[in-house]
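Participant: In the order they appear, the protein sequences are chains A and B.
For the first sequence, the numbering used here gives the first residue as 46, with consecutive numbering after it.
For the second sequence, the numbering used here gives the first residue as 46, with consecutive numbering after it.
Among these hints, one or two may not hold up.
Unchecked claim - Quick list of the computed label-pair ranges, beta carbon to beta carbon: (1) L515/A x Q266/B: 53 to 59 Å; (2) S277/A x R308/B: 54 to 60 Å; (3) E227/A x I594/B: 45 to 51 Å; (4) D354/A x R238/B: 23 to 29 Å; (5) Q266/A x E268/B: 54 to 60 Å; (6) T156/B x D354/A: 17 to 23 Å; (7) R111/A x R308/B: 47 to 53 Å; (8) D290/B x R111/A: 44 to 50 Å; (9) L504/A x T156/B: 53 to 59 Å; (10) D566/A x L593/B: 40 to 46 Å; (11) L230/A x N297/B: 23 to 29 Å; (12) A255/B x N281/A: 45 to 51 Å; (13) N297/B x D131/A: 57 to 63 Å; (14) I594/B x D365/A: 50 to 56 Å.
Hints were generated in silico from the structure; no laboratory data involved.
Virtual Cβ for every residue (Gly too), placed ideally from N, Cα, C.
So you can see what is in the structure, the chains are spelled out below.
2 protein chains.
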Amino acid sequence: MKQTPQQNQSEPVATEVDQLREMLSRDQSKRARRLLKTMHPAKIASLLERLTPQQRVDALHQLDARTEPKVLSYLSTALRTQLAYDLDADMTQPKNGASPTDGRVDEEPETQLRLVLDALDQGKLKRIARLFHTLHPARIAGLLESLPATERARVWDMVEGERTAKVLRHLHEEVRRRLAAEMDLEHLIEAARGLEPDDLVDLIQDLPTATGRQILDAMDQRERERLQSMLSYPENTAGGLMNMDQVEVRSNIKVGTLLRYLRLREELPPNTDKLFVIDRKHRYQGILRTERVLTARPETSVSDLMETDFEPVPADQKSDAVAQRFEQEDLNSAPVIDAEGRLLGRITIDDVVDVIREQSAHALLGMAGLDEETDMFAPVLASSRRRAVWLGINLITAFLAAWVIGLFEGTLQHVVALAVLMPIVASMGGIAGSQTLTLVIRGLATGQLGSGNTRILLLKEMGIGLLNGLLWALVVAALAIVWFGNWTIGGIIAVAILLNLLCAAASGVVIPLLMSRIGIDPALAGSVVLTTVTDIVGFFAFLGLATLILL
Amino acid sequence: MKQTPQQNQSEPVATEVDQLREMLSRDQSKRARRLLKTMHPAKIASLLERLTPQQRVDALHQLDARTEPKVLSYLSTALRTQLAYDLDADMTQPKNGASPTDGRVDEEPETQLRLVLDALDQGKLKRIARLFHTLHPARIAGLLESLPATERARVWDMVEGERTAKVLRHLHEEVRRRLAAEMDLEHLIEAARGLEPDDLVDLIQDLPTATGRQILDAMDQRERERLQSMLSYPENTAGGLMNMDQVEVRSNIKVGTLLRYLRLREELPPNTDKLFVIDRKHRYQGILRTERVLTARPETSVSDLMETDFEPVPADQKSDAVAQRFEQEDLNSAPVIDAEGRLLGRITIDDVVDVIREQSAHALLGMAGLDEETDMFAPVLASSRRRAVWLGINLITAFLAAWVIGLFEGTLQHVVALAVLMPIVASMGGIAGSQTLTLVIRGLATGQLGSGNTRILLLKEMGIGLLNGLLWALVVAALAIVWFGNWTIGGIIAVAILLNLLCAAASGVVIPLLMSRIGIDPALAGSVVLTTVTDIVGFFAFLGLATLILL
Chain A
46 MKQTPQQNQS
56 EPVATEVDQL
66 REMLSRDQSK
76 RARRLLKTMH
86 PAKIASLLER
96 LTPQQRVDAL
106 HQLDARTEPK
116 VLSYLSTALR
126 TQLAYDLDAD
136 MTQPKNGASP
146 TDGRVDEEPE
156 TQLRLVLDAL
166 DQGKLKRIAR
176 LFHTLHPARI
186 AGLLESLPAT
196 ERARVWDMVE
206 GERTAKVLRH
216 LHEEVRRRLA
226 AEMDLEHLIE
236 AARGLEPDDL
246 VDLIQDLPTA
256 TGRQILDAMD
266 QRERERLQSM
276 LSYPENTAGG
286 LMNMDQVEVR
296 SNIKVGTLLR
306 YLRLREELPP
316 NTDKLFVIDR
326 KHRYQGILRT
336 ERVLTARPET
346 SVSDLMETDF
356 EPVPADQKSD
366 AVAQRFEQED
376 LNSAPVIDAE
386 GRLLGRITID
396 DVVDVIREQS
406 AHALLGMAGL
416 DEETDMFAPV
426 LASSRRRAVW
436 LGINLITAFL
446 AAWVIGLFEG
456 TLQHVVALAV
466 LMPIVASMGG
476 IAGSQTLTLV
486 IRGLATGQLG
496 SGNTRILLLK
506 EMGIGLLNGL
516 LWALVVAALA
526 IVWFGNWTIG
536 GIIAVAILLN
546 LLCAAASGVV
556 IPLLMSRIGI
566 DPALAGSVVL
576 TTVTDIVGFF
586 AFLGLATLIL
596 L
Chain B
46 MKQTPQQNQS
56 EPVATEVDQL
66 REMLSRDQSK
76 RARRLLKTMH
86 PAKIASLLER
96 LTPQQRVDAL
106 HQLDARTEPK
116 VLSYLSTALR
126 TQLAYDLDAD
136 MTQPKNGASP
146 TDGRVDEEPE
156 TQLRLVLDAL
166 DQGKLKRIAR
176 LFHTLHPARI
186 AGLLESLPAT
196 ERARVWDMVE
206 GERTAKVLRH
216 LHEEVRRRLA
226 AEMDLEHLIE
236 AARGLEPDDL
246 VDLIQDLPTA
256 TGRQILDAMD
266 QRERERLQSM
276 LSYPENTAGG
286 LMNMDQVEVR
296 SNIKVGTLLR
306 YLRLREELPP
316 NTDKLFVIDR
326 KHRYQGILRT
336 ERVLTARPET
346 SVSDLMETDF
356 EPVPADQKSD
366 AVAQRFEQED
376 LNSAPVIDAE
386 GRLLGRITID
396 DVVDVIREQS
406 AHALLGMAGL
416 DEETDMFAPV
426 LASSRRRAVW
436 LGINLITAFL
446 AAWVIGLFEG
456 TLQHVVALAV
466 LMPIVASMGG
476 IAGSQTLTLV
486 IRGLATGQLG
496 SGNTRILLLK
506 EMGIGLLNGL
516 LWALVVAALA
526 IVWFGNWTIG
536 GIIAVAILLN
546 LLCAAASGVV
556 IPLLMSRIGI
566 DPALAGSVVL
576 TTVTDIVGFF
586 AFLGLATLIL
596 L
């Protein structure tokens with residue numbers, strides 16, 4: 046313990062060079078990486094000078110994207126050039142025939158993932174950095190989400206400083222929170238500055254309150270006030286979705302003046318398909334499409350080109366409703382106003398697309414009791430805990446079904462064929478019911494199902510239940526008669542299936558409607574309740590009838 | 046039968062007036078509607094003149110949106126004004142306190158639907174026409190989809206001629222096909238002319254071939270050729286999504302010239318956030334953002350402002366991939382090129398949003414064996430037939446499970462408690478497995494799951510299966526022991542649940558991966574196969590162990 050690198054500063058370099066050499070020769074790239082992480086860039090530079098070219102390249106692979114430029118700045122120009130050349134050669138000739146990165150990146154996500162995993166495996170982390178350099182931040186986010194936690198942290202270090210913000214924006218909530226929590230504050234604030242206000246607001250909402258507070262404090266006053274006003278709206282409203290980068294104009298100016306003003310700005314925010322016309326008190330007056338500006342004569346007045354019948358979005362409108370409007374009216378952007386009609390900001394289609402994706406993930410994953418922001422590679426313990434809840438809920442319903450069966454133990458003992466056939470009755474009911482349920486849940490989500498037409502739908506679904514009930518009752522009865530040679534059992538199962546399919550149709554309509562009326566999301570709990578009903582009705586009808594008739 | 050309206054032309058009006066009067070006084074608005082449908086507008090006008098004001102208004106309600114203006118043109122100006130006034134009064138004072146349409150339309154879909162249904166009920170169809178007049182075509186489409194077939198046809202007639210095309214575009218495939226099939230060809234062609242090319246292509250693809258052919262023939266040659274080239278790409282590719290309304294520029298012109306050219310055009314197509322730069326041979330060179338045009342000085346050359354690194358979309362790219370790119374890169378529009386690099390058209394975000402919605406509907410409805418284009422109010426017989434297939438598939442799996450149970454009939458006869466508990470084992474496996482399955486299906490859809498990380502995921506899911514298996518095995522065992530007072534059965538069910546949860550985790554990962562490898566959509570068939578496996582394994586493990594130990 047007498048010569049650990051940190052403690053003895055007199056003759057550290059030699060020892061550390063030896064340590065590093067040994068680690069690199071033994072392919073212990075992770076240990077080398079940890080060692081380098083504790084050192085000052087200048088020290089790393091002096092270490093590098095003492096290594097062989099191959100070791101130098103291997104060591105360089107272990108530097109994260111933020112440290113590397115600092116280390117390079119301490120090296121001589123000649124060594125820097127040499128190193129860049131060596132690194133290049135090292136990357137275009139991978140050791141064991143893995144796919145080479147020859148400038149042009151393969152566009153298949155599968156190949157990219159393979160490349161990242163190979164690079165991790167061989168400790169050639171710079172290959173990942175180079176791949177990332179050519180990829181869109183959203184794709185990088187996708188790759189990060191495809192990795193388990195430890196690998197993800199290593200790869201995350203390879204994202205260049207200025208792009209971390211953009212990658213963060215594209216990550217799912219849970220992954221984002223976890224990666225942000227591991228970043229040091231300075232780095233996080235730097236990333237935060239690179240985000241659009243609406244994305245930054247999302248990030249702050251995902252972080253612990255104290256961290257969010259610190260990020261806010263690091264912003265300048267104007268930006269902070271803006272962020273705070275955006276933070277005051279719930280995440281799932283127009284206010285939570287909006288950005289504040291809109292271009293505002295007054296109605297009394299001419300197109301020529303406007304164009305001069307726009308040229309002075311030099312740049313317009315992305316997705317600017319409309320400018321917003323406001324009055325002296327900053328109240329929303331109408332929209333001015335950029336198309337109109339492009340095609341209008343310079344002497345035209347803005348008031349002649351603007352459209353005053355474009356409905357603005359109230360800041361407290363739910364984001365689902367916003368998404369539906371964008372989708373139905375094919376909008377790219379829309380103004381957001383407060384209760385007094387003042388223009389607050391604008392919502393753009395890219396954020397709406399995210400809302401739509403989240404809705405769909407919510408509907409799909411919710412059916413299995415999963416959260417749409419779930420990290421596919423969350424730690425086993427955390428995942429187990431979350432899923433256990435859903436299994437527990439299901440266990441209650443399973444025991445309810447078992448209890449119903451238990452009521453007829455005596456009957457089952459006499460006619461064991463009933464035990465063999467009873468899952469069929471329950472299962473057919475569950476399938477038929479979930480078809481109806483799914484249709485109704487979608488109808489509720491799209492607003493096509495209201496109090497006016499539920500009766501019609503109920504009748505229609507009961508009709509379908511009747512037809513399919515009759516059909517499959519006959520089929521199952523025939524099969525049961527062939528199997529057990531017992532006509533009575535055939536008759537009993539036929540009646541039970543018909544009853545259960547009718548009940549499934551009714552439950553499929555009624556259960557989600559009741560749930561949404563009392564404020565429970567039917568997409569989440571609907572199918573559990575439904576299958577409980579179809580199980581219980583199925584077992585009860587089948588075993589009950591059998592008890593009446595056979596005993 | 047001697048004086049039917051069509052046959053006797055000498056003294057028809059008096060009789061028909063009487064017929065109409067009687068129908069209206071008896072509130073038989075549907076019959077009145079059918080009668081009016083057979084008449085020439087001039088005849089209807091002469092009939093109207095002979096009615097009392099209230100009857101006149103009632104009769105007018107029954108005219109469809111295309112006939113009404115023709116009828117009105119035959120009336121005297123005075124009567125026309127009077128009628129407009131009466132109709133207005135009639136609509137603002139609904140008979141039985143239903144929600145009045147006081148100019149400002151209620152924005153709740155629920156209220157709108159109620160209004161339509163009330164209007165249908167009272168035969169005041171013009172109220173629907175007035176409501177539709179203020180609604181976005183997409184909303185009208187939504188309302189149409191909320192109605193059963195007969196009501197839908199009546200309401201459809203109330204859509205004004207010029208808007209039918211836009212409403213058609215927003216309808217789901219099945220509903221669209223049905224409504225279009227009922228329209229007369231002339232009307233359909235008129236509507237087709239109002240559609241954007243990409244939407245028209247969609248419509249033609251949904252119609253019978255002969256009808257599509259007739260629509261194409263009615264277009265002028267240039268339009269027809271354009272449509273035919275678009276029809277040559279499959280619906281689910283970039284070529285099938287694209288439109289041909291892009292603005293093309295050459296790189297050697299100056300911004301000033303470009304602006305003059307744009308002003309000459311007077312109008313730009315919607316969603317024009319980019320112009321496309323092409324060369325002499327119509328090959329794609331790059332994009333020019335309209336933002337850049339707005340902020341650039343007139344003397345700047347297009348070649349200085351254009352971006353050449355914007356990757357165009359190949360026409361044969363799958364629409365899923367296009368949607369993913371739009372989403373990840375926050376695009377509003379993108380150029381589409383053919384194999385030779387020639388610019389064919391462009392894809393805009395509104396069509397991409399439709400793709401995303403369809404994907405999500407497909408994933409959600411597919412799980413229940415439903416088609417995403419399904420009409421919620423399709424006729425009972427048609428719906429029954431489609432759903433029967435899914436029930437039939439499920440029946441096979443249910444019989445497989447029953448067969449496994451049947452193998453252990455002897456055991457069940459000895460220990461009837463097993464029959465009571467066995468559904469619990471199967472059900473827990475099914476729930477746990479579908480959680481894993483759902484995650485994997487999403488991972489495959491987003492491209493986050495590839496051959497590189499499936500092993501990691503499999504291990505993780507097995508870990509979760511082990512933890513939750515142990516937890517719930519203990520819980521269920523304890524409950525079973527309390528219930529039946531039998532420690533052996535408790536032990537058996539614990540082992541069976543643990544085995545089934547491990548098997549569920551493995552199947553949840555492996556089944557969708559195998560399916561997607563052999564080209565079956567796991568979102569459609571995954572859950573059926575999975576629950577078959579968990580049912581069989583669950584019953585087999587539980588009853589098999591019981592047979593070994595208890596007998």
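Participant: None of the hints should be skipped; say for each whether it holds.
Facilitator: So, going through the hints one by one against the coordinates:
1. L515/A x Q266/B: 53 to 59 Å: Holds, since L515/A and Q266/B (Cβ atoms, about 55 Å apart) stay within the stated range.
2. S277/A x R308/B: 54 to 60 Å: violated (43 Å)
3. E227/A x I594/B: 45 to 51 Å: holds (50 Å)
4. D354/A x R238/B: 23 to 29 Å: Given about 25 Å between the Cβ atoms, the range holds.
5. Q266/A x E268/B: 54 to 60 Å: For Q266/A and E268/B the Cβ distance comes to about 58 Å; the hint holds.
6. T156/B x D354/A: 17 to 23 Å: Holds, since T156/B and D354/A (Cβ atoms, about 21 Å apart) stay within the stated range.
7. R111/A x R308/B: 47 to 53 Å: holds (49 Å)
8. D290/B x R111/A: 44 to 50 Å: holds (46 Å)
9. L504/A x T156/B: 53 to 59 Å: Because 23 Å falls outside the window, the suggested range is violated.
10. D566/A x L593/B: 40 to 46 Å: holds (45 Å)
11. L230/A x N297/B: 23 to 29 Å: violated (51 Å)
12. A255/B x N281/A: 45 to 51 Å: About 48 Å separates the Cβ atoms of A255/B and N281/A, which means 45 to 51 Å holds.
13. N297/B x D131/A: 57 to 63 Å: Check failed, 44 Å falls outside 57 to 63 Å.
14. I594/B x D365/A: 50 to 56 Å: holds (54 Å)
Comparing the model with each earlier hint shows violations of hints 2, 9, 11 and 13; every other hint is respected.
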